[in-house]
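> Here is what each chain is made of, one letter per residue.
2 protein chains.
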Amino acid sequence: MKLPRYKRSSPVSYAFGATLTYELLKVSPNLIKRVFLRPNQKHGHDIDSIIAQLIAFNIPIIENTKAFNVLGAKDNCLIIAEFDKPAMQLEATAETPHIVLVNPSDAGNLGTIIRSAVAFGYNNLAIITPATDHFDPKVVRASMGAIFHINIELFTSFDDYLAKYENINSSQKRLLYSFMINPEAVNLADVTLNDGSFSLIFGNEASGLPQEFADKTQAVFISQTPLVDSLNLSIAAGIAMYNFRQKLQ
Amino acid sequence: MKLPRYKRSSPVSYAFGATLTYELLKVSPNLIKRVFLRPNQKHGHDIDSIIAQLIAFNIPIIENTKAFNVLGAKDNCLIIAEFDKPAMQLEATAETPHIVLVNPSDAGNLGTIIRSAVAFGYNNLAIITPATDHFDPKVVRASMGAIFHINIELFTSFDDYLAKYENINSSQKRLLYSFMINPEAVNLADVTLNDGSFSLIFGNEASGLPQEFADKTQAVFISQTPLVDSLNLSIAAGIAMYNFRQKLQ
Chain A
293 MKLPRYKRSS PVSYAFGATL TYELLKVSPN LIKRVFLRPN QKHGHDIDSI IAQLIAFNIP
353 IIENTKAFNV LGAKDNCLII AEFDKPAMQL EATAETPHIV LVNPSDAGNL GTIIRSAVAF
413 GYNNLAIITP ATDHFDPKVV RASMGAIFHI NIELFTSFDD YLAKYENINS SQKRLLYSFM
473 INPEAVNLAD VTLNDGSFSL IFGNEASGLP QEFADKTQAV FISQTPLVDS LNLSIAAGIA
533 MYNFRQKLQ
Chain B
293 MKLPRYKRSS PVSYAFGATL TYELLKVSPN LIKRVFLRPN QKHGHDIDSI IAQLIAFNIP
353 IIENTKAFNV LGAKDNCLII AEFDKPAMQL EATAETPHIV LVNPSDAGNL GTIIRSAVAF
413 GYNNLAIITP ATDHFDPKVV RASMGAIFHI NIELFTSFDD YLAKYENINS SQKRLLYSFM
473 INPEAVNLAD VTLNDGSFSL IFGNEASGLP QEFADKTQAV FISQTPLVDS LNLSIAAGIA
533 MYNFRQKLQ
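Chains as they are written, first to last, in the working numbering: chain A, 293 to 541; chain B, 293 to 541.
Careful, some of the hints might be misleading.
When chains are identical, the list treats them as one kind, so a pair holds in a single copy or across two.
As the list claims (entries may be wrong) - Computed cross-link-like contacts, BS3-like style, restricted to lysine-lysine with a CA-CA straight-line distance of at most 30 Å:
id: 1; residue 1: Lys430; residue 2: Lys299
id: 2; residue 1: Lys299; residue 2: Lys366
id: 3; residue 1: Lys318; residue 2: Lys358
id: 4; residue 1: Lys334; residue 2: Lys358
id: 5; residue 1: Lys294; residue 2: Lys465
id: 6; residue 1: Lys325; residue 2: Lys539
id: 7; residue 1: Lys325; residue 2: Lys366
id: 8; residue 1: Lys430; residue 2: Lys366
id: 9; residue 1: Lys430; residue 2: Lys508
No lab work stands behind these hints, which were simulated from the structure alone.
Start from the sequences, fold in the hints, and give me the full structure.
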């Protein structure tokens with residue numbers, strides 16, 4: 293057996309534990325290549341039910357402890373699903389908001405942002421590289437399975453993203469909102485929306501967005517006291533996504 | 293020299309790096325007992341300026357590599373401040389909102405919540421034990437120094453918190469809002485406020501709040517799709533704190 297070992301260049305990634313494996317089976321069973329099961333363990337109902345589904349889908353089940361060691365699973369992780377990384381494109385239609393992350397560098401933050409995005413009805417995420425690998429098992433885990441509900445597309449520059457997605461059709465452009473500190477920035481609370489044809493843009497954890505984004509897009513700020521320099525990226529993105537969603541209702 | 297070593301029972305904790313040390317010097321220089329400096333390193337202006345202040349405040353500076361190893365500092369950490377853990381009480385006056393965390397278990401989450409709390413003007417945090425140690429250097433670091441701007445008080449039960457702080461004065465009780473899934477819960481978007489005399493209550497990362505909180509307090513939910521089970525605790529707290537603050541303006 294070829295042992296699993298995760299690399300960014302690998303065509304497959306790994307979902308650790310029963311919850312993620314169950315979610316993947318529910319959403320995209322066709323992506324699962326094989327499943328590793330820790331041998332000689334008592335299983336609860338959750339894993340029994342997963343095994344029944346794996347058999348129904350004809351997905352190989354491999355009982356092997358070494359796979360868990362190689363992948364660095366914790367002792368309480370009893371099951372790991374190996375899945376094909378899907379090639380995805382964003383939905384380009386009107387009324388479909390996008391999230392754009394420029395150079396996100398932390399896997400935990402990225403997974404948490406994906407979890408919040410899906411929770412608030414954002415199912416399309418553009419990532420401007422260089423960026424942390426969005427299929428890293430740490431991102432999959434921090435997303436709590438939300439990554440199986442979102443389209444993710446990579447771009448080597450923000451201009452490449454705009455070239456492909458700024459024009460929704462011949463008469464409508466996508467509205468662009470960049471979260472950043474800038475003299476021209478408007479307060480998040482004062483933004484008004486007509487429909488869901490917009491993109492919310494966030495910068496890197498340490499450096500934020502370059503000031504040139506204030507020229508190409510509408511800068512927006514989240515009102516705060518001066519006692520802290522800035523919000524954590526995943527907190528700022530969560531607040532922005534929730535409040536933009538509320539503006540549509 | 294007695295080497296530093298962090299324990300929950302220790303009367304002191306540690307602020308790693310120039311940013312946190314600078315913040316502590318600005319807010320509470322009297323708490324700093326001594327500062328460790330990595331020997332034979334080139335310093336930038338930030339550390340030169342810190343050293344000048346330490347000398348002015350007569351705070352001992354100890355050049356010692358072992359202290360960095362014992363405390364598990366990263367190689368790029370050049371300075372660590374040892375500080376007294378202050379004994380704190382919450383402000384009990386009207387117009388002073390409280391945050392109440394019931395059994396928070398993750399140090400990174402707790403630090404991030406403290407950072408968001410101070411950013412949105414919440415300077416009083418009650419923690420119901422058992423809970424992760426709020427002076428763990430991991431919490432101090434994740435708070436980005438915001439922990440030096442907030443009062444934190446521990447209680448062994450929620451009822452103990454209420455006994456001390458629910459009555460603001462003989463004619464006014466603090467309004468209590470619990471973030472939880474419950475049939476009686478109201479939508480965060482529909483909550484209206486007259487003033488800042490309220491508490492926002494959040495449960496444990498894995499288990500949330502016990503259902504009995506819906507009897508003692510007003511349950512509130514953050515509207516989301518059913519595609520994810522729940523929001524990350526620090527995201528839910530960030531959204532709640534931001535939106536309650538907006539309701540006061």
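> Checking Lys294 and Lys465: alpha-carbon separation at most 30 Å within a copy, between copies, both or neither?
neither (49 Å within a copy, 65 Å between copies)
> Measure nothing new, just compare the shortest in-copy and cross-copy C-alpha distances for Lys318 and Lys358 to 30 Å and report within, between, both or neither.
within (27 Å within a copy, 52 Å between copies)
> What label fits Lys334 with Lys358 when the C-alpha limit is 30 Å: within, between, both, or neither?
Within one copy only: 18 Å inside, 46 Å across.
> At 30 Å max between alpha carbons, let me know whether Lys430 reaches Lys508 within a copy, between copies, both or neither.
neither (33 Å within a copy, 38 Å between copies)
> With 30 Å as the alpha-carbon cut-off, assign the pair Lys299 and Lys366 to within, between, both or neither.
Classified as both; 19 Å inside a copy, 25 Å across copies.
> Up to 30 Å between alpha-carbons, please classify Lys430 paired with Lys299: within, between, both or neither.
Both: 12 Å inside a chain and 29 Å across chains, each within 30 Å.
> When no copy is named, should Lys325 and Lys366 be tagged within, between, both, or neither for a Cα gap of at most 30 Å?
Classified as within: same-chain Cα gap 22 Å, cross-chain 39 Å, threshold 30 Å.
> Between the shortest in-copy and the shortest cross-copy C-alpha distance, which are at most 30 Å for Lys325 and Lys539: within, between, both, or neither?
Answer is neither: 41 Å inside a copy and 50 Å across each miss the 30 Å cutoff.
> Could you figure out if Lys430 and Lys366 sit no more than 30 Å apart (CA to CA) within one copy, between two copies, both or neither?
Both. Shortest intra-copy (13 Å) and inter-copy (21 Å) distances satisfy the 30 Å Cα cut-off.
Hint violations for this structure: numbers 5, 6 and 9, all remaining hints satisfied.
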